[in-house]
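Chemist: Starting from the given sequences, assemble the full structure and let the hints guide the process.
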Amino acid sequence: MKNLILGFDEVGRGPLAGPVVVACVLSNEEIKIPKDIVIRDSKKMTARQKEKANIWIRENYIFGIGQVSANQIDQKGISNAVRLAAFLALKDIKSKSKLDFEKIKLLIDGRDEWIDGSQTIICGDDKINEISMASIIAKVYRDNLMIEIGKQYPVWGFEKHVGYGTAWHCHQIQKNGLIKNLHRTTFCHKLISKT
Numbered sequence: 001m002k003n004l005i006l007g008f009d010e011v012g013r014g015p016l017a018g019p020v021v022v023a024c025v026l027s028n029e030e031i032k033i034p035k036d037i038v039i040r041d042s043k044k045m046t047a048r049q050k051e052k053a054n055i056w057i058r059e060n061y062i063f064g065i066g067q068v069s070a071n072q073i074d075q076k077g078i079s080n081a082v083r084l085a086a087f088l089a090l091k092d093i094k095s096k097s098k099l100d101f102e103k104i105k106l107l108i109d110g111r112d113e114w115i116d117g118s119q120t121i122i123c124g125d126d127k128i129n130e131i132s133m134a135s136i137i138a139k140v141y142r143d144n145l146m147i148e149i150g151k152q153y154p155v156w157g158f159e160k161h162v163g164y165g166t167a168w169h170c171h172q173i174q175k176n177g178l179i180k181n182l183h184r185t186t187f188c189h190k191l192i193s194k195t
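Numbering-wise, the sequence shown is residues 1 to 195 according to my numbering.
Calculated directly from the structure, the hints in this document are not laboratory data. Glycine included, each C-beta is placed from N, C-alpha and C at the ideal position. A hint or two may mislead.
[What the hints assert, rightly or not] Derived lysine to any residue pairs resembling SDA-like cross-links, with alpha carbons at most 25 angstroms apart:
id: 1; residue 1: K180; residue 2: G165
id: 2; residue 1: K105; residue 2: E30
id: 3; residue 1: K32; residue 2: D112
id: 4; residue 1: K103; residue 2: K127
id: 5; residue 1: K105; residue 2: Q75
id: 6; residue 1: K96; residue 2: I62
id: 7; residue 1: K94; residue 2: I31
id: 8; residue 1: K50; residue 2: G110
[Claimed, not checked] With beta-carbon atoms standing in for the labels, derived distance ranges:
id: 9; residue 1: T166; residue 2: E29; range: 37 to 45 angstroms
id: 10; residue 1: K32; residue 2: N80; range: 32 to 40 angstroms
id: 11; residue 1: N71; residue 2: I33; range: 18 to 26 angstroms
id: 12; residue 1: E29; residue 2: C123; range: 34 to 42 angstroms
id: 13; residue 1: I37; residue 2: W168; range: 27 to 35 angstroms
id: 14; residue 1: T46; residue 2: C123; range: 16 to 24 angstroms
id: 15; residue 1: W168; residue 2: A47; range: 34 to 42 angstroms
id: 16; residue 1: E30; residue 2: T166; range: 13 to 21 angstroms
Modeler: Structural data, given as structure tokens:
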């Protein structure tokens with residue numbers, strides 16, 4: 001086993017609704033990234049690039065996903081929720097591989113060490129392919145989840161904002177209140193108090 005790394009990134013730290021999602025992707029030195037696949041921070045990619053990369057990553061890499069609900073975010077706080085989502089992503093990937101994860105280097109995007117013994121890398125989703133891939137997996141997964149949830153609440157327009165605090169979303173909260181178990185009460189309290 002060469003020097004394997006496991007890259008982590010989170011998506012959904014700041015939205016007013018929906019879960020926070022952490023994904024992790026295990027390095028695979030046997031795979032070369034094709035020229036038609038874009039791998040970088042998901043925030044710097046088009047929807048088409050993300051979708052294409054997401055399919056390719058899922059076909060070629062071992063990955064894990066963890067998510068923590070809006071209710072748990074309200075109860076635990078966002079930082080603890082991200083840590084729990086990272087733990088769940090690690091648990092998920094361990095269930096898919098027999099590798100000894102004690103010998104794998106864990107790299108996390110940002111400043112916060114979500115898992116003991118990991119290394120944080122500021123702007124890691126721009127520097128480390130596995131972190132970029134985790135960013136893509138988490139972003140596409142969460143966006144698709146929010147779009148599906150949005151079908152139950154068509155007036156809210158989740159397919160457009162996927163839970164983030166756009167003017168439209170804030171207006172809907174002030175007009176209609178919160179959706180139980182979907183909106184993060186602790187993130188929306190100022191909007192609710194204006195009604």
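Chemist: Starting from K50, check that the Cα of G110 is at most 25 angstroms away, please.
Modeler: With a Cα-Cα distance of about 21 angstroms, the restraint between K50 and G110 holds, given a limit of 25 angstroms.
Chemist: Honestly, do T46 and C123 meet the 16 to 24 angstroms range at C-beta?
Modeler: holds (20 angstroms)
Chemist: Just to be sure I understand the hint, the distance between the Cβ atoms of K32 and N80 should be within 32 to 40 angstroms; is that true here?
Modeler: The hint (32 to 40 angstroms, Cβ to Cβ) holds, given that K32 and N80 are roughly 38 angstroms apart.
Chemist: That 37 to 45 angstroms hint for T166 and E29 (C-beta), does it hold up?
Modeler: Since T166 and E29 have Cβ atoms about 41 angstroms apart, the given range 37 to 45 angstroms holds.
Chemist: Within 25 angstroms, alpha carbon to alpha carbon, are K180 and G165?
Modeler: holds (17 angstroms)
Chemist: Measure nothing beyond the straight line between the CA atoms of K32 and D112; if it is 25 angstroms or shorter, mark the hint as holding.
Modeler: Between K32 and D112 the Cα gap is close to 30 angstroms, so the pair fails against 25 angstroms, i.e. violated.
Chemist: Run the distance test for K105 versus E30: straight-line Cα separation, threshold 25 angstroms.
Modeler: holds (18 angstroms)
Chemist: Return holds or violated for the Cβ distance of W168 and A47 against the range 34 to 42 angstroms.
Modeler: violated (18 angstroms)
Chemist: Given the hint of 34 to 42 angstroms, check if E29 and C123 actually sit that far apart at their C-beta atoms.
Modeler: Violated, at about 23 angstroms.
Chemist: Hint check: K96 vs I62, CA-CA at most 25 angstroms. Holds or violated?
Modeler: Holds. K96 to I62 sits at ~7 angstroms (cutoff 25 angstroms).
Chemist: Does the Cβ distance between N71 and I33 fall inside 18 to 26 angstroms?
Modeler: violated (38 angstroms)
Chemist: So does I37 sit 27 to 35 angstroms from W168, Cβ to Cβ?
Modeler: holds (33 angstroms)
Checked against the numbered hints given earlier, the structure breaks hints 3, 5, 11, 12, 15, 16 and satisfies all the rest.
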